[in-house]
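Chemist: When you get a sec, could you build the whole thing from the sequences and use the hints?
The UniProt record's numbering puts the first residue of the sequence shown at 1, with every later residue one more than the last.
No wet-lab data here; the hints were simulated from the structure.
Check before you lean on any hint, since a few could be wrong.
Claimed, not checked - Below, simulated DSSO-like cross-link-like pairs (lysine-lysine); rule was C-alpha separation at most 30 Å, straight line:
(1) Lys269 / Lys206
(2) Lys587 / Lys545
(3) Lys206 / Lys297
(4) Lys646 / Lys630
(5) Lys268 / Lys561
(6) Lys299 / Lys587
(7) Lys646 / Lys206
(8) Lys268 / Lys73
(9) Lys206 / Lys73
(10) Lys235 / Lys634
(11) Lys499 / Lys206
(12) Lys560 / Lys339
(13) Lys630 / Lys73
(14) Lys299 / Lys515
Unchecked claim - What follows is a list of derived Cβ distance ranges for each label pair:
(15) Gln506 / Ala264: 18 to 26 Å
(16) Ser127 / Thr651: 23 to 31 Å
(17) Pro266 / Leu455: 41 to 49 Å
(18) Asn386 / Gln506: 50 to 58 Å
Positions of the beta carbon are idealized from the N, C-alpha and C atoms, including for glycine.
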Amino acid sequence: MEQFRILLTHSAWFLPLCLLVGAAYAWLLYSKNPLWSKQLNYLLAALRFVVVSFLCFLLLGPVVRYFSNTEEKPAIVFAIDNSESVRLFTDSVALRQTREKLADISEALRKNGIETTIKSLNATQVSNLNAIRFDQKSTNLDVLLNNVAETYENRNLAAVVLLSDGIANQGKSPAYSDFPFRLYPVALGDTVPKRDLSLPALQYNKVAFSGNKFPLVAEIRNDGFSGRNASVLLKENGSILERKTIALQPNKPSQTVTFQITAAQPGKKHYEVVIEALPGEFTRLNNAKHAYLEVVKGKLKVLLAAAAPHPDIKALKSAIETDENFEVTLYLPGIYPLKKSDYDLAILHQLPSRLRTGSEVLQLVQQQKIPAFYIVGAQSDLAEFNKQQAGVFIAPRGNQTDEVVPVINSSFTRFGFADRAAEAFKTYPPLTVPFADFRLNPATEVVLQQQVGRLKTDRPLLAVQTGNENTNGVLLGEGLWQWRLNEAVANEKPAHFDKLITDLVQLLTTKQNKKRLNVYPVQDEFLVSEDVRFQSEVYNAIYEKIYGQQITLTLTDEKKKSRTFNFVNGENFSGLNVGNLPGGVYKYTAATTLDGKRVQDSGEFLVQDLALETLTSLADHNLLYQLARKNNNKLYYPNQLEQLEKDLLETDFKNVIYTQESLKDLINLKWLFFVILALVSIEWFLRKYYGSI
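Modeler: Next comes the structure, spelled out in C-alpha cells:
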C-alpha cells in the first residue's frame, strides 16, 4: 500500500496567485472573437489555464512525499547444536527421529505463512535438517544465538528453536545474554550419570627449556569407580614413557597425577596422557588428553642499558618479560653495573649519550657484534649515533623537536599487527623526536612512520636493519612508558604495546639466513578445526623476490605418514590452504628448482586436538531450562515435539509492517513533462486545425 502527499517549500498563499496568472493568461489570449466556436474557445482557454497555472505551481517547489508500506511475515530459526557430543552421547534413533520431526514442524510452519531457516554452530545456513552432520569440535551456544540475532536484526524474527544437549565448552554461557526473540529449547543427550573415568585437563608450561625438568599434571575424574585402582600412562609417539597407578578414593571425584618430564632436544613436542579403561566404563573417548609444547634452547638474554634512569626502562622490561623466552639484564651507570655475558640483544636507551656514560656497553656491543636496538632521546649524542651505522642517519635541523604519534607502515611484513593495533596506536601520547632529515640504508625497513598532528608523513619513527651483517633497530623518540600506561588504562592490559616490543625483540634476535626458498605456516599452532595455511617466498641470486616457481610441499606426521602438495607462488598468491589436519606434531619439507639446482626449506608446526566434546557425557539440561525460563517458556524433550508444534502454530505471530518515507521534487517526475507537452500539443493542434478552416 502506497500513500503520497504534496508539500510546498513556499507559502500556500501563492496558490491563488498561480490560478490568477493562469486565468489572466487564458483571458488575454482567448477573450477576442475567435474563428471557431465558443465551446472550442472555452476548451482552448481551459487548456491554457491549466498549463500556465501548473507551471506557476511548479515555481513554488512542490515536493512529493511518498509513504510505502511493506509487510513482512514472521520468521522462525531452527538453531542446531551440531557438535560431536550430541552425536556421541545421544541415542542415534532418538536423534534421527528428532530431526525428522523438526523437519515436519518446519514444513507445517511454512504452510502457515511463517518463514523458516536452519542455522548450525559454524554460522552457516543449512537447507535440510536431515543433512546436518554432528561433527563440530567445540560448542559455543552464545555465539550461535547472537549470530541469529545479528542476521535477523531489524527483521520480523518471531522465535528460535534451539536443539542442543546444553554442553557449552567455549564462550560465555548464553544464560547471561539477552536475546531479542522467544526461545524454544529442545533437549537432547543423557543426564543420567554413568560409570566413567575421564581426563578433564592437563596443566603444563607451553614452553620448556632444553635440559630442564618440568611437571605435567593430569586431572583425573572418577564417576562410580571409587575403591579401584587406575593406571595412568604418559606416551610420546605411541611409546610409553612412564606409568603410574592411582587409588581412586571415595568422596573424592577429582584427583591429580604428576609426571616429571626432562626436556630434550629443542623443537615441538607432543605428549599423550591416557587412563587405561576399566571394565564397565561407559566410554573411552575421554580417557586421553594431549599436551603440546615447545622446547627451546634456553632463554635469550637481553641487555637493557640506559644513559640515565628513565621510565621507559620499566616499560620495556615489563613488555619483554611477558614472553618467558627472554631474560632481561639491566645496566644503569652507578646503579646496575655491566654484567659480562653472551647477550643476544642490547637495547641502548639514549646511548651513545651526551653525558659520556655507557662507553663500556657500546664497546661490548661492537666487540661481540651484538644486535642493538637504539632509542634516541634528548640525551643522545647524534654525531656518535651516526657512527654506529644503525641503518638510520640523522641530520638535525637545530635543536627543535617534533611531537609525533605512530602510524603502521603497510609495506612492512616482517611481523604482523593485530586487527585493532592501528586504532590503538592513534590513541597513544606523542613521542618527542628530533626535527631532522633522516636517511635510511638500503637494508633498512620502516616499521612505524611519524604522524605530526593530523599529517601522516613518510619519515621513520621505528626502523629495523636486518639485511646485512649488522642487525639493528632504531626508535627515533623517547616516552614509550606513556604508550604502555595509556593502553593499560584504556584496556586493562597493554596487549598491542607488549606485542610490538616482543615481536621487535624476536626479529632482532633471530639469526638472519640467506635462504632463497622460505616456506612457513602462517602460525606455529593450529586447532584441528582450523585450516592450515602456508606462505612462501622465493629469491633470486641477489635476493630479490621472484614469482612463478613450482613448489612441492611434503607434510609428515608423527606416524611417518606423508601428504604432498604442489603449488605455484604467484605475485598475488594468498597462500596454500591444506585444510584440516589431525592433532599432532608435523614436519614439513618444501622444495623447488632455482638456476638448475634443487633448494629446500623445512620446519615444523603443531595441530592441537583439545577433544572438548568428549570431556563429559552428561547433558546440561539445566542450562536449557534456564534459557526457557528466562523467555517465559518451557523446555521440550524429543517425546514432546507434538506439543512444540502445537504451541508454535497456536502462537499468534504477527506480520510486521514497515513504512518507508521518501521525498522527491515534483518537477523531477518525468511523466509530468509528457502530460504538459500533450496538453500544449492538443491546444496547438486544435488552434491550427480549426483556425485554417
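Chemist: The structure should be examined with respect to each hint, and the outcome stated for every one.
Modeler: Hints versus structure:
1. A distance of roughly 10 Å separates the Cα atoms of Lys269 and Lys206; the hinted pair therefore holds under the 30 Å criterion.
2. Pair hint Lys587 plus Lys545 holds up; C-alpha atoms about 25 Å apart against a cutoff of 30 Å.
3. The straight-line distance between the Cα atoms of Lys206 and Lys297 is roughly 14 Å, inside the 30 Å bound, and the hint therefore holds.
4. Simply put, Lys646 and Lys630 have alpha-carbon atoms about 21 Å apart, close enough for the 30 Å limit, and the pair holds.
5. Straight-line distance between C-alpha atoms of Lys268 and Lys561 comes to about 17 Å, which keeps the hinted pair within the 30 Å bound.
6. Restraint check for Lys299 and Lys587: satisfied, since their Cα atoms lie roughly 24 Å apart, inside the 30 Å limit.
7. Proximity of Lys646 to Lys206 is assessed by CA-CA distance (about 53 Å); at most 30 Å being required, the pair is judged violated.
8. With a CA separation close to 56 Å, the supplied pair Lys268 and Lys73 exceeds the 30 Å bound.
9. A C-alpha spacing of about 53 Å is found between Lys206 and Lys73, which places the hinted pair above 30 Å, so the restraint is violated.
10. For the hint pairing Lys235 with Lys634, the CA-to-CA distance comes to about 47 Å; that exceeds 30 Å, so the pair is violated.
11. As the CA atoms of Lys499 and Lys206 are separated by approximately 18 Å, the hinted pair is consistent with the 30 Å bound.
12. Restraint check for Lys560 and Lys339: the C-alpha separation of about 47 Å exceeds 30 Å, so the hint is violated.
13. Restraint check for Lys630 and Lys73: satisfied, since their Cα atoms lie roughly 25 Å apart, inside the 30 Å limit.
14. A distance of roughly 25 Å separates the Cα atoms of Lys299 and Lys515; the hinted pair therefore holds under the 30 Å criterion.
15. For the pair Gln506 and Ala264, the beta carbons lie near 23 Å from each other, so the given range of 18 to 26 Å is met.
16. At about 25 Å, the beta-carbon gap between Ser127 and Thr651 stays in the expected band of 23 to 31 Å.
17. Distance hint for Pro266 and Leu455: a CB-CB separation of about 47 Å, consistent with the stated range 41 to 49 Å.
18. Distance hint check: the CB atoms of Asn386 and Gln506 are about 27 Å apart, inconsistent with the given range 50 to 58 Å.
Of the numbered hints stated above, those contradicted by the structure are hints 7, 8, 9, 10, 12, 18, listed in ascending order.
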